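Enquirer: With the hints as extra help, turn the sequences into a complete structure.
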Amino acid sequence: MDLMISQVIDGNTAIAPSKGESVHEKIKQALIDQETVILDFTGMELMTTAFLNSAIGQLYAEFSTELLRDKLKIKWISQSDAVLLKKVTDTAKIYFANPADFEGNINERING
Amino acid sequence: MKITDKPYVIKVPIRVRGNTLGYDFISNLALDTYLLEDSSVILDFSDTKWFDGNLCSALGTILDDVKARRNTVFLRNLQRHVHQAFTKNKFLDTFGDIPISEDSLTIPYKKIGINENEQEAKDFFNDQLFNKPDMPLMSNEARKRVLVALFEVCVNALTHGECENVYVCGQIFPNKEIPEVSVTFSDMGRTIGANVNAFLKADLSGNKTILWALEDGNTTKVNTTGGIGLKLLQSLVVLNHGSLQIVSGDGFVEFLDGYNKEYELDGYFPGTIVTIKLRLKDSNFYVLSSEIDINDIF
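Chains as they are written, first to last, in this note's numbering: chain P, 1 to 112; chain W, 1001 to 1298.
Please keep in mind that the hints were generated in silico from the structure rather than gathered at the bench.
A few of these clues could be false.
To be verified - The following residues of chain P were derived to be distant from chain W, with all beta-carbon distances above 10 angstroms:
hint, residue
1, 2
2, 3
3, 4
4, 7
5, 8
6, 11
7, 22
8, 25
9, 26
10, 28
11, 29
12, 30
13, 33
14, 42
15, 98
Claimed, not checked - Residues on chain P that point at chain W, a partial pick, calculated with CB under 7 angstroms:
hint, residue
16, 15
17, 18
18, 72
Just so you know, these numbers come straight off a predicted model, no measurement behind them.
In this text, a Cβ means the ideal position worked out from N, Cα and C, and glycines have one as well.
Expert: So, in structure tokens, the structure goes:
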């Protein structure tokens, strides 16, 4: 399935995390239906990491990295947006691999 | 609580800049007026020779809060330079009684609500920052990086501060040898210290909690990732040779030349102020660390 982000959010600007929820729901449903999802960023002018976290980052809490790597494809994303998205997915992979460890490490560093 | 029938007069210092003295004044103003209701508040600028235009967002955050408690606010005895600055950035539109015209060297004082139309917010910054006469030529990618950085700050305030509004004001310096812009965001939401200490179940100082929030991947959101926006902002500031100041609670940290510098505040700001200074004509303005292969994102 082709998912044009600008159509889902009805615009070319995605700042608030709340805007990512509808994108997330559509991707999630398609993945449950075992579809391949092509994320089409045509026309997107501005996206924050907060939006990308909400739309895509949290998928790593629900699906394995292997499945996401197999089923998610991207087209028409600018290099600068690709940098943001890569940062979001890298962080999500580490975090959701073991959230307790991630937060435990932080606590340990802070509190000794 | 109505403190007195007499107007509550606050003397503004000679200079209010983005430094310890300036942020102390702003913090103390917030605390001194915190309990006032149904009163008159006069800010007396008679001694004030300089007030950083971008800090009007912090001043506006406080005064809006004061007005919400049915107080009346008056700005009095503004000296020529301060009056000019407050006129140009339209601050006096809200807190003065003089109709004014816009100036090309400011990002006007604006309250951005949590339900703000995002397209309009983007257009606001595009118009007020980039589509000005004398602005240096910038590539679309460079403009975009600035906009993303500014909105990351905005989103942080609205989501982590759990506040309804964030206030913004900026000053553009297109004729400096290296043109630059200073933009200040301010909110009266939960402080970074309150958020981080609640999350970590710790009792860290304001500065330590700000430093924690600046670390890659650290976020106070539960069961989800985040904390990337501020790190990206730091990276941009490093590449751009700009600066980033964060004031929250009793914390004041400045990120400059790749290092964090901690300052001691006497006051306590019941919210967060973020000032970002960026160079506008910088050949190194945006550098992608490496080309991203879109087949290797997931």
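Enquirer: Just want to verify: residue 22 (chain P) was marked as not at the interface with chain W; is every Cβ pair farther apart than 10 angstroms?
Expert: holds (14 angstroms)
Enquirer: Taking the minimum C-beta separation from residue 4 (chain P) to chain W, is that value above 10 angstroms?
Expert: Holds, since 16 angstroms exceeds 10 angstroms.
Enquirer: For residue 29 (chain P), is the shortest beta carbon distance to chain W beyond 10 angstroms?
Expert: Holds: least Cβ distance 18 angstroms, greater than 10 angstroms.
Enquirer: Over 10 angstroms from every CB of chain W: does residue 26 (chain P) meet that, or does the non-interface label fail?
Expert: holds (16 angstroms)
Enquirer: With d taken as the least Cβ-Cβ distance between residue 2 (chain P) and chain W, does d exceed 10 angstroms?
Expert: Since the minimum Cβ distance to chain W is about 15 angstroms, residue 2 (chain P) lies beyond 10 angstroms and the statement holds.
Enquirer: Would you check whether the claim that residue 30 (chain P) is not at the interface survives, using Cβ distances to chain W and the 10 angstroms cut-off?
Expert: Non-interface label on residue 30 (chain P) holds, nearest chain W Cβ at 14 angstroms vs cutoff 10 angstroms.
Enquirer: Should the label of residue 33 (chain P) as a non-interface residue stand, given a Cβ cut-off of 10 angstroms to chain W?
Expert: The claim stands: residue 33 (chain P) keeps its Cβ more than 10 angstroms from every Cβ of chain W (closest is about 18 angstroms).
Enquirer: Does residue 15 (chain P) pass the interface check with chain W, least Cβ-Cβ distance below 7 angstroms?
Expert: holds (5 angstroms)
Enquirer: Mind verifying the non-interface call on residue 98 (chain P)? Its CB should be farther than 10 angstroms from each CB in chain W.
Expert: Given a closest Cβ separation of 13 angstroms, the condition holds.
Enquirer: Say whether it holds or is violated: residue 25 (chain P) keeps its Cβ farther than 10 angstroms from all Cβ of chain W.
Expert: holds (15 angstroms)
Enquirer: Please settle this one: residue 8 (chain P) was flagged as non-interface, so is its CB more than 10 angstroms from every CB on chain W?
Expert: Nearest chain W Cβ is 14 angstroms from residue 8 (chain P), so the label holds.
Enquirer: Would the non-interface assignment of residue 3 (chain P) survive a Cβ cutoff of 10 angstroms against chain W?
Expert: holds (14 angstroms)
Figure legend: structure checked against the earlier numbered hints; hints not met, in rising order: 6 and 17.
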